[in-house]
Amino acid sequence: VEILAVAAMVLTALSVLFLLVLALQRVRLGVSERRRGELEARLRPIALAIVDEGRMPGALPPQAATELAAILGRYGRRLRGDARARIAAFFEGSGAVDDHVRQLRHRRDWVRAEAAAGLGVMGSARAVEPLRAALGDPSRDVRMAAAYSLGRLQAVDAVEPLLAALDHHRIPRAVVCNALLDIGAEAVPRLLGLVEHPDPIERATAVELVGLLGAPADGRRLVERLVDTSADVRAQAARALGRLGAAEEAAAVRELLDDRIPFVRVAAAEALGLLRDDEAIDGLLAQAREDSFETARAAAEALARIAPQRVTSEAARPEEAGPHLVEAADLIAL
Amino acid sequence: VSDFLLGVAIAAFAYFALLNGIYVAFTAIAWGDVTRHLRRRRHAGGEGTFASPLTPGISILLPAYNEQAGIVESVRSLLSLRYPKLEVIVVDDGSSDETLERLRAAFDLAPVRKALRAGVETRPVIGTYVSRRHPELVVLAKENGGKADALNAGVNVARHEFVCAIDADAIIEERALLQVALPILDDPELVAATGGIVRIANGCTVDHGRVTEVRLPRSRLATLQVVEYLRAFLIGRVGWSRMNALLIISGAFGLFRRSLVEAVGGWWTGTVGEDVELVVRLHRYLRERGEDYRIAFIPDPVCWTEAPEDLRTLGRQRRRWQRGLAQTVWRHKRILGNPRYGVLGLLAFPYFVVFELFGSLLEVAGPAVAIALWATGRLSTLFFVAFIVIAVLLGILLSVAALALEEFSFRRHPRTSEVARLVAYTLLENVGYRQLNDLWRAQAFVDLARRRHTWGEQRRRGIGRAVG
Numbered sequence: 001v002e003i004l005a006v007a008a009m010v011l012t013a014l015s016v017l018f019l020l021v022l023a024l025q026r027v028r029l030g031v032s033e034r035r036r037g038e039l040e041a042r043l044r045p046i047a048l049a050i051v052d053e054g055r056m057p058g059a060l061p062p063q064a065a066t067e068l069a070a071i072l073g074r075y076g077r078r079l080r081g082d083a084r085a086r087i088a089a090f091f092e093g094s095g096a097v098d099d100h101v102r103q104l105r106h107r108r109d110w111v112r113a114e115a116a117a118g119l120g121v122m123g124s125a126r127a128v129e130p131l132r133a134a135l136g137d138p139s140r141d142v143r144m145a146a147a148y149s150l151g152r153l154q155a156v157d158a159v160e161p162l163l164a165a166l167d168h169h170r171i172p173r174a175v176v177c178n179a180l181l182d183i184g185a186e187a188v189p190r191l192l193g194l195v196e197h198p199d200p201i202e203r204a205t206a207v208e209l210v211g212l213l214g215a216p217a218d219g220r221r222l223v224e225r226l227v228d229t230s231a232d233v234r235a236q237a238a239r240a241l242g243r244l245g246a247a248e249e250a251a252a253v254r255e256l257l258d259d260r261i262p263f264v265r266v267a268a269a270e271a272l273g274l275l276r277d278d279e280a281i282d283g284l285l286a287q288a289r290e291d292s293f294e295t296a297r298a299a300a301e302a303l304a305r306i307a308p309q310r311v312t313s314e315a316a317r318p319e320e321a322g323p324h325l326v327e328a329a330d331l332i333a334l
Numbered sequence: 001v002s003d004f005l006l007g008v009a010i011a012a013f014a015y016f017a018l019l020n021g022i023y024v025a026f027t028a029i030a031w032g033d034v035t036r037h038l039r040r041r042r043h044a045g046g047e048g049t050f051a052s053p054l055t056p057g058i059s060i061l062l063p064a065y066n067e068q069a070g071i072v073e074s075v076r077s078l079l080s081l082r083y084p085k086l087e088v089i090v091v092d093d094g095s096s097d098e099t100l101e102r103l104r105a106a107f108d109l110a111p112v113r114k115a116l117r118a119g120v121e122t123r124p125v126i127g128t129y130v131s132r133r134h135p136e137l138v139v140l141a142k143e144n145g146g147k148a149d150a151l152n153a154g155v156n157v158a159r160h161e162f163v164c165a166i167d168a169d170a171i172i173e174e175r176a177l178l179q180v181a182l183p184i185l186d187d188p189e190l191v192a193a194t195g196g197i198v199r200i201a202n203g204c205t206v207d208h209g210r211v212t213e214v215r216l217p218r219s220r221l222a223t224l225q226v227v228e229y230l231r232a233f234l235i236g237r238v239g240w241s242r243m244n245a246l247l248i249i250s251g252a253f254g255l256f257r258r259s260l261v262e263a264v265g266g267w268w269t270g271t272v273g274e275d276v277e278l279v280v281r282l283h284r285y286l287r288e289r290g291e292d293y294r295i296a297f298i299p300d301p302v303c304w305t306e307a308p309e310d311l312r313t314l315g316r317q318r319r320r321w322q323r324g325l326a327q328t329v330w331r332h333k334r335i336l337g338n339p340r341y342g343v344l345g346l347l348a349f350p351y352f353v354v355f356e357l358f359g360s361l362l363e364v365a366g367p368a369v370a371i372a373l374w375a376t377g378r379l380s381t382l383f384f385v386a387f388i389v390i391a392v393l394l395g396i397l398l399s400v401a402a403l404a405l406e407e408f409s410f411r412r413h414p415r416t417s418e419v420a421r422l423v424a425y426t427l428l429e430n431v432g433y434r435q436l437n438d439l440w441r442a443q444a445f446v447d448l449a450r451r452r453h454t455w456g457e458q459r460r461r462g463i464g465r466a467v468g
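Protein chains in written order, with the working numbering: chain A, 1 to 334; chain B, 1 to 468.
Here chain A stands alone, though its shape is the one from the complex (with noise of 0.2 Å):
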C-alpha cells in the first residue's frame, strides 16, 4: 500500500507538471507570436530596403537580427538574380554565412542539416564547396539538405558529386534529382558527361535529367543509350529523347517496342506518341491489341496522339481492337 500510494504522489507530481508544463507553453507562444508579429511589421520595410536596393541596416539589437534573418530567408526562397544576390551580400556581411559553415562541424546532427539548410536558403556562393563536403556526412539528414541548398545554389560544381551521392542510397534519388532540377540547364553539359557513366543508376539519372533540363540537339548524345545493358538506361534514354522532342531520333525509339523487358517497351510507345511518329503506327497497333497491360494501355494513348482516327476506326472492332483501344477511342471522343 505503501509503494502504491508513493506511486499515486509521483504520478499526481507528474500529471501535475505536464499541466504546468503545458499551459506555460501556451502563454510563451501567445507571447512569442504576438512579439514577432510586432517585429516583423517593424523590419519589412528594412527587408525590402536590403531586397530591392541593396541598402544594408546599421546595427540591429540580436533578437531583430535574427527575425531579419528570418524575413530575408523567406524571400530567399522565391527569389533570384539581384534580388538573391543582395541577400546573400547581407547574409555575408552579418557573419551568417560564416556561423552556419562552422555549424556543419557541430557535433550535433540536426544542428549540422539546419545549418546547411540555412546555407541553401542565404544564397551565398561561399557556401558551395562546405555544402558539397557535407554531401559526404554521416548523416543522411544533413547530406539531404546539403543536396537541397546545393540545388538552391545552383551550384553547377556540384553535379558529379551529387550524382555520386546516389551510389549506396547515401542521398536519395528524388533529392539528388530535384537539386539537379533546380540547378537548371546549366546543369546539361555535366550532365552529357556523365551519360557513359559506369555506374547504370548515376547513367539512368544523368539520362532522366538531359531529357528535362536538355534540348532537341541534346537528343543525339542519348541515342546510344537507346542499346545499353541497363534496361533502367534503356528506358530513360526513350522517354528523354520523347521529352526532348528529338524527332529524327524516332527510328531508334521505335526499336525498343520489341525489347524484351515490359517497362522499356512502355517507355518507348510513350516516346513515340510524344514525337508523333507516324511510322511507329504499325507497332504501337500490335503492342496495343496483344500486349500486356500497361503496355497495351501506354501502346493505345500513344497511338491517339499520333493518329486518333485510326484509333477510332480501329475500336468500331471492339473484339479486335482490345480493352485500350477501345478506352483510347472512348477517351478522344470526350
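No wet-lab data here; the hints were simulated from the structure.
Quick list of simulated restraints, FRET-style, between CB atoms:
no.	chain 1	residue 1	chain 2	residue 2	range
1	A	R105	B	G32	22 to 32 Å
2	A	A7	B	S96	50 to 60 Å
3	A	L79	B	V354	51 to 61 Å
4	A	A70	B	D207	29 to 39 Å
5	B	H37	A	A70	20 to 30 Å
6	A	A251	B	D292	32 to 42 Å
Just so it is clear, CB atoms sit at the ideal spot from N, CA and C, and this is done for glycine as well.
Got chain A; can you put chain B on it based on the hints?
For chain B alone, coordinates are given in the frame of chain A:
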C-alpha cells in the same frame, strides 16, 4: 473460488503494469520521434515535391455506398488537393440512392469503356465513366460487394504507381497527399505503405470540403474521442512505426504501393477490418520474402473524419473494429510468437492479441474481480482505493502527455479554452469512457460467436454540410 479470483486479480495487475509500461515507453519514443520529424520537416523539400516532374503519381480510391448527400462535395475537395500527378477514382458500390446520378450531373460524366486489370477479382463492374470537365476523375459503377471489394475494383483501374484509400465522408487536408508521399520520395523502393493522422471534424467549420476552423465538438462523446485519437495516433502509431511494426493504417486515409496490393490479392472482402488485415498481410508477404521494406506512419498529414455522437453508433463502430481485429488475428495466427517475422511476430502481434484483442475481457473482469475480493475481505480497502487512483492517474498522465505532445508539435487547437477542455476530458476518458469501450470490445466476442459480420447502420450528421 477465492484462489481463482485472486489469480485473476494478479493477472489483471500484471496486465495493467505491462500495458502501462509499454504506453510509457511509447510516449518517450513518440516525443523523440515527433521532435525529429518536425526538425526534418524544416529542411526537407516539401514544395520541391510539388514542383518536381519526378514525383510519383497517386490514384485516390474513394469507395461510395449510398453517399448521395456528400459525395459531390467530397470529390470536389479531392480534385483540389495539392499534388502534381493525381487521379480520383470513385467506386459506386451498388448504391441504391442517387450517388451515381449526382456525380454524373455535377462532373459531366461520360461513359468510357475503361480497360480493367484482371489483378484482383471483384463483383462485376457495370459501368465506367470519365468526367468531361475533370479528365482525372474516373467513376466506376459496380454491383454491391462491400468496401473492400470497391477498393479492389479501384485498384484494377488505377493508372498510377500508388493508390490512396480514402473514406467518402473524410476530408483530406490540401497538402496531406504531399506530406504522406514524402517517405516514398526518400525511399521509393523501400516504402510499401504510409498513413497519416485521423482527427475528429465534429465541431470544426467546413467550407467547400475544407476544414477552415478547428474547433472541438459540442458533443461530449465526440470530444472524448478527440483525446482518444490523439493518444492512439501520436503515441501508439508513432511508436509502432518507429519499430517498423505498424499494424494499422486507417482505412480513412492510407497510401499503398499498387503493385504490392495486387501481389497480395487486394483488400480482403471477408472481414469488417479490411484496413488492419491488409497491412498485416503486406508485412507478412514482405517478411516471408525477406524483403527490406518500410510501412510508416506520418504524423502531420491530416484526414478529418466524423466521429459518432451517440453511444449506439459508437458502440457499433467499436464492436466492428474489434471483430475486424479478431478476424485478422485468426487469419494470420501463424505470425504470433514466430521469430521468422521479427519484431512483428515477437512484439507487435502478441501486443495486439494480448492487449487489443483479449485485453478487453481482462479489463472488464479485473475490476469486477477486485470488487468481489474487496467485498469478501481478501483485498484491503486502502489497497483497492490506491490501485484505482493509480490506474486513473496513469491514464490521465498518458493522455495529458499526448496532449502536450500535440501542443508542442502540431498545435491544431488554437484556443486555450479548448485545450483546457481537452485536459478536463482526460479525466472523463479514464473514468467511464474507457470502461465503456472495454464493454463494447468484449461484446464483439458475442457478435463473433453469433457470426455477425455486417457493418451495421452508420448514423452521421455529415461534416461536409453541418457547420459547428
